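Undergrad: The residues making up each chain are set out below.
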Amino acid sequence: MALSQMFMRNFAPVFLLAFGIGSVHAQSYGIGHVVSEKDIAPWNIDVSADGSGLPAGKGSVTEGKRVYETTCIVCHGVNGQGKPADQLAGGQGTLKAASPVKTIGSFWPYATTVFDFVNRAMPYDRPKSLSANEVYAVTAYLLNLNGIVGAETVLDAKSLPQVRMPNRDGFVPDPRPDAAGIACHSNCK
Amino acid sequence: MAEEKSVPVDTRGSAEAGTTRAGDQRRRFLRRGAAFGGMAITGGVLSASAQAQTLKNAADELAVPAWSKQPGDDVLSKPYGLPSAFEKEVLRRSRGSVFPGAASSMTPLQDSFGIITPSGLHFERHHSGIPRIDPAQHRLAVHGLVSRPTIFTMDDLVRLPSATRIHFLECSGNTGSEWKAPTSKSVQLSHGLLSCSEWTGVPLAVVLDEVGLSKDAKWLLAEGADGAGMSRSIPIHKALDDALLVYAQNGERLRPEQGYPLRLFLPGYEGNTSIKWLRRIKIGAEPFQSREETSKYTDLLPDGTARQFSFIMEAKSVITYPAPDHTLRGAGFYEIKGLAWTGLGRIKRVEVSVDGGRNWREARLEGPVLDRALTRFVFPWKWDGSPAILQSRAIDNTGYVQPTRQELITARGLNSNYHFNAIQSWSVNPNGIITNVHA
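Those sequence lines, one after another, are chains D and F.
Per my numbering, the first sequence starts with residue 1, numbered consecutively.
Per my numbering, the second sequence starts with residue 190, numbered consecutively.
Please keep in mind that the hints were generated in silico from the structure rather than gathered at the bench.
Keep in mind it's a predicted model, so treat the numbers as computed, not measured.
Heads up, a few of these hints could be off.
[Claimed, not checked] Derived pair list, reagent style DSSO-like, types lysine-lysine, alpha-carbon separation capped at 27 Å:
(1) F:Lys404 / D:Lys38
(2) D:Lys128 / D:Lys83
(3) F:Lys485 / F:Lys369
(4) F:Lys485 / F:Lys407
(5) D:Lys83 / F:Lys485
(6) F:Lys374 / D:Lys189
(7) F:Lys369 / D:Lys189
(8) F:Lys407 / F:Lys427
(9) D:Lys158 / D:Lys128
(10) F:Lys571 / F:Lys537
(11) F:Lys404 / F:Lys427
(12) D:Lys96 / D:Lys158
(13) D:Lys38 / F:Lys537
(14) D:Lys189 / F:Lys258
(15) F:Lys258 / F:Lys277
(16) D:Lys158 / F:Lys407
(17) D:Lys65 / D:Lys128
(18) D:Lys96 / F:Lys277
(19) F:Lys407 / F:Lys267
(20) F:Lys485 / D:Lys65
(21) D:Lys58 / D:Lys158
(22) D:Lys38 / D:Lys65
(23) F:Lys277 / F:Lys267
(24) D:Lys83 / F:Lys369
(25) F:Lys485 / D:Lys128
(26) D:Lys189 / F:Lys537
(27) D:Lys96 / F:Lys485
(28) D:Lys38 / D:Lys128
(29) F:Lys277 / F:Lys374
(30) F:Lys427 / F:Lys485
Generate coordinates for the entire structure from the input sequences, incorporating the hints supplied.
TA: The following block contains the structure:
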């Protein structure tokens, strides 16, 4: 290898980075395996609030009740009442109370998050084992338990992002510092 | 007895059998310690009264022991070294959980020295257990709003330019048990979701430069390869500023509990955002609204709204000796020791009160004082044997002063769960017994 080639291969990237001119058009180190988005599809499971990432398929409240009662009920209880795992239904109107009950219906801002979480993490002992249809169905059932969708609802990639959650506007940015102390040194109380 | 008091009693009832056995061993050891002249092992401190007893029994104490009369164990008797058998009580402990894989364990701060947490004592918080990942099969996919979607092997990542930094990691739920009442009977359980390590990895900015960020890139989703597919949205400015893709901790590859073979590390941010077992980074224009940043890890306020993306761990400190895990052996000199930290930069000053917050004096920072690392402080104290309430207060280089519990409640009410960084109070009674109180 010519010396100039060796310099370019080994040191030019360092200079590019060092001088802050690392370009989005070229790799600096040439390390890693460039692929297409399609190659990553099997891992690309996240679902955003606008519905992007939702797969093909559909599921009804009725089918969801069947999935729930065979797969979820052992941890989340009858009708999503919880114990030993989180309570999933009820609690609306309690967020200002002394003992707030945070559930999908009372607290979660996006219905798409239910799909995303069930799809990636549930059931606890067999995550990523439900089909897309089953996840749509159990999402529909949980929303129905919370009175957010009707009993005849069928959810799919088009209808799920349109479900408006009761606590959609319940989240605010972090304003801290909000409670810094005072550096008093003597006879402070 | 005082010795019995040294065991974190609220652990023994709920933790697994291994911990209970360790508690028994600790009690036996403490009794033996008392029989041999009261050598105080707690915090490694030889108290004044212990010294006096030691001198009385000097003839017995100085008999040449068996270990001085024979060769010891061979080199490589333990190819990977372990702590002394006499330190068996220094363990992570848990409150117990219905789902042992979705739970946490705490670092034994009461037995800690310096600022580095041994890797085997680093606190744990998992959402679906600890996956056993073959590093040869592990991949990191980086995609979304990038010029070149790219898959990296572990060898690829280790080849890239590296950085090593010492930083604390604290769970946003650390000390959350103390909002409403003083519940923890041990500094390990009240403050032990806190550890500090030397972390080595590749700056995330290097990897993002390699894949070429789109100008619309504002957030990224970091996702784990664990069963939970643990995922959080991170602002792109943090990713480009000081985020690391970490593969090593304290001079060796990451421990499985800490994300082996690869984790994200975000200095100063709440622990759960430093996604372990990292398998995917997706670049986007908006936050992804995962369950862990909506249903969980948001801070509910009295008006029913909840703060979202409250990433920073603000300045905090705690006295780790003496704590409820220890018992003072009579009046006299004690060195109060503790830890201070801030997610915003460096600890500038720590102050200590021994009268429940009426009067404060500056503690000495032991050093090194590093950016977003645990900082050790010490404060000489001559205890007169009367009731005392010990407190510490951290001030960081932004001028932020660690608040009282009441100041936090005034701002956030009692139901925000996370980010409890109030001044902690330990009450000392005339028998030297120390309890957790709100003062």
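Undergrad: For a C-alpha distance cap of 27 Å, please report whether Lys407 (chain F) and Lys427 (chain F) respect it.
TA: Distance ~10 Å between Lys407 (chain F) and Lys427 (chain F) Cα, so the pair holds.
Undergrad: Between the alpha carbons of Lys485 (chain F) and Lys407 (chain F), is the straight-line distance 27 Å or under?
TA: holds (22 Å)
Undergrad: Given the hinted pair Lys277 (chain F) and Lys267 (chain F), is their alpha-carbon gap at most 27 Å?
TA: holds (16 Å)
Undergrad: Is the hinted pair Lys158 (chain D) and Lys407 (chain F) satisfied, with a Cα-Cα distance of at most 27 Å?
TA: holds (26 Å)
Undergrad: What's the verdict on Lys96 (chain D) and Lys485 (chain F), does the C-alpha distance respect the 27 Å limit or exceed it?
TA: holds (17 Å)
Undergrad: Run the distance test for Lys407 (chain F) versus Lys267 (chain F): straight-line Cα separation, threshold 27 Å.
TA: Status violated; Cα separation ~49 Å.
Undergrad: Does Lys38 (chain D) pair with Lys65 (chain D) here, judged by a C-alpha cut-off of 27 Å?
TA: Violated, because 34 Å separates the two Cα atoms, which is more than 27 Å.
Undergrad: Take the C-alpha atoms of Lys374 (chain F) and Lys189 (chain D), compute the straight-line distance between them, and say whether it is at most 27 Å.
TA: holds (26 Å)
Undergrad: Next pair to validate is Lys571 (chain F) with Lys537 (chain F); report whether the Cα-Cα distance is within 27 Å.
TA: holds (25 Å)
Undergrad: For Lys65 (chain D) and Lys128 (chain D), compute the direct alpha-carbon distance and say whether it is at most 27 Å.
TA: holds (19 Å)
Undergrad: Given the proposed pairing of Lys189 (chain D) with Lys258 (chain F), does the C-alpha separation stay at or below 27 Å?
TA: The hint is violated at about 60 Å.
Undergrad: Given the hinted pair Lys258 (chain F) and Lys277 (chain F), is their alpha-carbon gap at most 27 Å?
TA: Holds, because 25 Å separates the two Cα atoms, which is no more than 27 Å.
The earlier numbered hints that this structure contradicts are 12, 13, 14, 18, 19, 22.
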